[in-house]
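Model the full assembly from the supplied sequences, consistent with the hints where possible.
Heads up: the sequence lines are chains A and B, in that order. Here the UniProt record's numbering is used: the first sequence runs in plain steps of one and ends on residue 302. Here the UniProt record's numbering is used: the second sequence runs in plain steps of one and ends on residue 302.
Keep in mind that the hints were calculated from the coordinates and are not lab data. This one's a predicted model, so the numbers in the text were calculated from it and none came from an experiment. Any given hint could be a false lead.
Stated by the list, open to error - Here are a few chain B residues that sit away from chain A, every Cβ distance over 12 Å (derived from the structure):
1. Ser21
2. Ala25
3. Arg33
4. Arg68
5. Leu81
6. Glu103
7. Ala131
8. Arg161
9. Asp199
10. Gln217
11. Pro241
12. Ser262
13. Ala280
Unchecked claim - Among chain B residues calculated to face chain A with C-beta under 7 Å, some are:
14. Pro182
15. Gly183
16. Ala187
17. Tyr254
18. Gly258
19. Arg296
Ideal Cβ placement from N, Cα and C applies to all residues, glycine included.
Protein chains: 2
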Amino acid sequence: MDAVRLVEVGARDGLQNEPRSLPVATRVALVERLVEAGLRTLEVGAFVSPRWVPQMAGSDEVVRQLGRRPGVTYTALVPNLQGLERALAVGCQEVAVFAAASEAFSQRNINCSIAESLERFRPVLARARDAGVKVRGYVSCVLGCPFSGEVPVAEVVRVTRALHELGCYEVSLGDTIGRGTPGHTRALLEACATEVPLDALAGHFHDTYGMAVANVQAALEAGVRVFDSSVSGLGGCPYSPGATGNVATEELVYLFHGLGLSTGVDLPSLVAAGAFVDQALQRPTGSRVARAMSARAGREAA
Amino acid sequence: MDAVRLVEVGARDGLQNEPRSLPVATRVALVERLVEAGLRTLEVGAFVSPRWVPQMAGSDEVVRQLGRRPGVTYTALVPNLQGLERALAVGCQEVAVFAAASEAFSQRNINCSIAESLERFRPVLARARDAGVKVRGYVSCVLGCPFSGEVPVAEVVRVTRALHELGCYEVSLGDTIGRGTPGHTRALLEACATEVPLDALAGHFHDTYGMAVANVQAALEAGVRVFDSSVSGLGGCPYSPGATGNVATEELVYLFHGLGLSTGVDLPSLVAAGAFVDQALQRPTGSRVARAMSARAGREAA
Chain A
1 MDAVRLVEVG ARDGLQNEPR SLPVATRVAL VERLVEAGLR TLEVGAFVSP RWVPQMAGSD
61 EVVRQLGRRP GVTYTALVPN LQGLERALAV GCQEVAVFAA ASEAFSQRNI NCSIAESLER
121 FRPVLARARD AGVKVRGYVS CVLGCPFSGE VPVAEVVRVT RALHELGCYE VSLGDTIGRG
181 TPGHTRALLE ACATEVPLDA LAGHFHDTYG MAVANVQAAL EAGVRVFDSS VSGLGGCPYS
241 PGATGNVATE ELVYLFHGLG LSTGVDLPSL VAAGAFVDQA LQRPTGSRVA RAMSARAGRE
301 AA
Chain B
1 MDAVRLVEVG ARDGLQNEPR SLPVATRVAL VERLVEAGLR TLEVGAFVSP RWVPQMAGSD
61 EVVRQLGRRP GVTYTALVPN LQGLERALAV GCQEVAVFAA ASEAFSQRNI NCSIAESLER
121 FRPVLARARD AGVKVRGYVS CVLGCPFSGE VPVAEVVRVT RALHELGCYE VSLGDTIGRG
181 TPGHTRALLE ACATEVPLDA LAGHFHDTYG MAVANVQAAL EAGVRVFDSS VSGLGGCPYS
241 PGATGNVATE ELVYLFHGLG LSTGVDLPSL VAAGAFVDQA LQRPTGSRVA RAMSARAGRE
301 AA
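Here it is in structure tokens:
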């Protein structure tokens, strides 16, 4: 059976964009439940300043407590060389760097130009290579920018290629504001695939406008087989408070299994992991699959 | 520009599955707002017993008050000849009949076998033809049944063909429990299109598992150009209380415009119509597009 690979970003990209912060123990318990459910690549922290991102405080401790587990990769976001050193100190096997395809977003989000961010990543990639640690790249705003609107496909391709050339083994293309629709998504991925091997591309879709599942389907049709998602849709849309952010992992597992693609994930266990973190955050689930499955279970029990 | 046709079912299929009933005046006001937003085919009532479906009480009055409007078609559901006579008495221009592709669902939902339901529709179609009224057919459970599980594609094709042969100008294929995924959706529509002309097929998707937009995209790829939807996602899933039902019209308009397909609908006006009915029902919107647009408008006003 054909397989897709899911990169679970709930414990980082998700929790980072939730209003409440969770203690280290809860974050570790969440990740362990996600691993039990079958996820094999999980972003578990960010080595950034807790002054800017309080939700990620204690990421060192999260990584340390999780330790190593055969067949499972824990990754963490590192904004610069200093962050990478912290990640290496606690034994991270993989890290990620974060760039944007929009100058306006790069300036407001990471306080430098796109070119400056790429230069900042150069020593990070070199040091990671020496340490035997893989680096994943993110490109945000690939289908639109909350500040400048349209983002040219050529810009996305340029930044994607630059990250790949710097040494990122995989580049995840993020529709940060969820404005993309399937036609544009497919065209974008086909354009990126002319410059970077398809198996080095991943899709990262937000469900802000309800398009994420259709965009994933379009990316699949373009040949992409790696997708980021967040259990229970953790993580609002920071550019539209009150709106939805990351696509729920439950939806992608449901989609892929329906298409006959294996994920290695057990859906009921995943839904249970989502219920665990939702209770900790006192939030309703952001997953329609989780809601439907819970409603069905409730009906059958009644 | 290529066009798609939306059949707005919020005022019938939607309201019928909401726990609160709205008075005639509010339902008329909703339909008028939807027409203002650009919708041209709207299901506005059901000529069924108010003992069974209290939300549809006063459908006669709704149709009467709406009257006729050039270029706009108001339709209503009729379960049998008696219902049709009531629809004709108030001047309905179009009606719809409702069958199932699953025997278990047919028995539990309309209390007869599939064959009996088709026989019941035969005089309805004949009488409607004599009266110059078009009839639309619904087939429910096309991608699964809440009682019997899997539904064979051949059964869907058989019932679809039977309704078309009886005289339905269009047959709307309903994924009643929202369990379909894009591969099955596409295969189903391609199978139906071997027996019934493509332009006589419509797609009716529920978002219970978050798959509706992707299924619409798959149906588009199979050549379907008519889709049912419900403003603000009105209508829960009666078979999974607490879960989502009809796909929101806002999502489909957003999707189609993103794909370069014209709908004739003004999205902000549509979102406003949804906010109107949500307030009347005291429910949160079921549309992610509406939520994102409202959040954005709130941010810009702040």
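Each hint, compared with the structure:
Listed as outside the interface, serine 21 of chain B is consistent with that label: its C-beta sits roughly 22 Å from the nearest C-beta of chain A, beyond the 12 Å cut-off. Against the 12 Å criterion, alanine 25 of chain B stays outside the reach of chain A, whose nearest CB is about 31 Å from its own CB. Under the 12 Å C-beta cut-off, the non-interface status given to arginine 33 of chain B relative to chain A holds; the minimum distance is some 21 Å. Listed as a non-interface residue, arginine 68 of chain B keeps its Cβ farther than 12 Å from every Cβ of chain A; the least gap is roughly 34 Å.
Even its closest Cβ contact with chain A, about 35 Å, leaves leucine 81 of chain B beyond 12 Å, as expected for a residue assigned away from the interface. Interface exclusion of glutamate 103 of chain B from chain A stands, the closest Cβ pair being 21 Å apart, more than 12 Å. Non-interface status of alanine 131 of chain B relative to chain A is upheld: no Cβ of that chain comes within 12 Å, the nearest being about 40 Å off. Chain A leaves arginine 161 of chain B outside its interface by the beta-carbon criterion, the shortest separation being 26 Å against a cut-off of 12 Å.
Separation of aspartate 199 of chain B from chain A is adequate, the least Cβ-Cβ distance of about 22 Å exceeding the 12 Å criterion. With a closest Cβ-Cβ approach of about 5 Å to chain A, glutamine 217 of chain B is found to fall inside the 12 Å limit, against its non-interface label. The Cβ of proline 241 of chain B sits about 6 Å from the closest Cβ of chain A, inside the 12 Å cut-off, so the non-interface label is violated. Its beta-carbon lying about 14 Å from the closest one in chain A, serine 262 of chain B satisfies the requirement of being farther than 12 Å from that chain.
In this structure alanine 280 of chain B is separated from chain A by more than 12 Å, as the shortest Cβ-Cβ distance comes to about 21 Å. Satisfaction of the interface hint for proline 182 of chain B is found here, the shortest Cβ-Cβ separation to chain A being roughly 5 Å, below the 7 Å cut-off. Restraint check, glycine 183 of chain B versus chain A: the minimum CB separation of about 5 Å is within 7 Å; hint holds. Interface restraint check for alanine 187 of chain B: the shortest CB-CB distance to chain A comes to about 11 Å, outside 7 Å, so the restraint is violated.
Nearest Cβ of chain A to the Cβ of tyrosine 254 of chain B: about 6 Å, under the 7 Å cut. The hint holds. For the restraint placing glycine 258 of chain B at the interface with chain A, the shortest Cβ-Cβ distance is roughly 3 Å, inside the 7 Å limit, so the hint holds. With its C-beta approaching chain A no nearer than about 5 Å, arginine 296 of chain B sits inside the 7 Å limit, and its interface hint holds.
Hints 10, 11, 16 from the list above are not met by this structure, while the remaining hints are.
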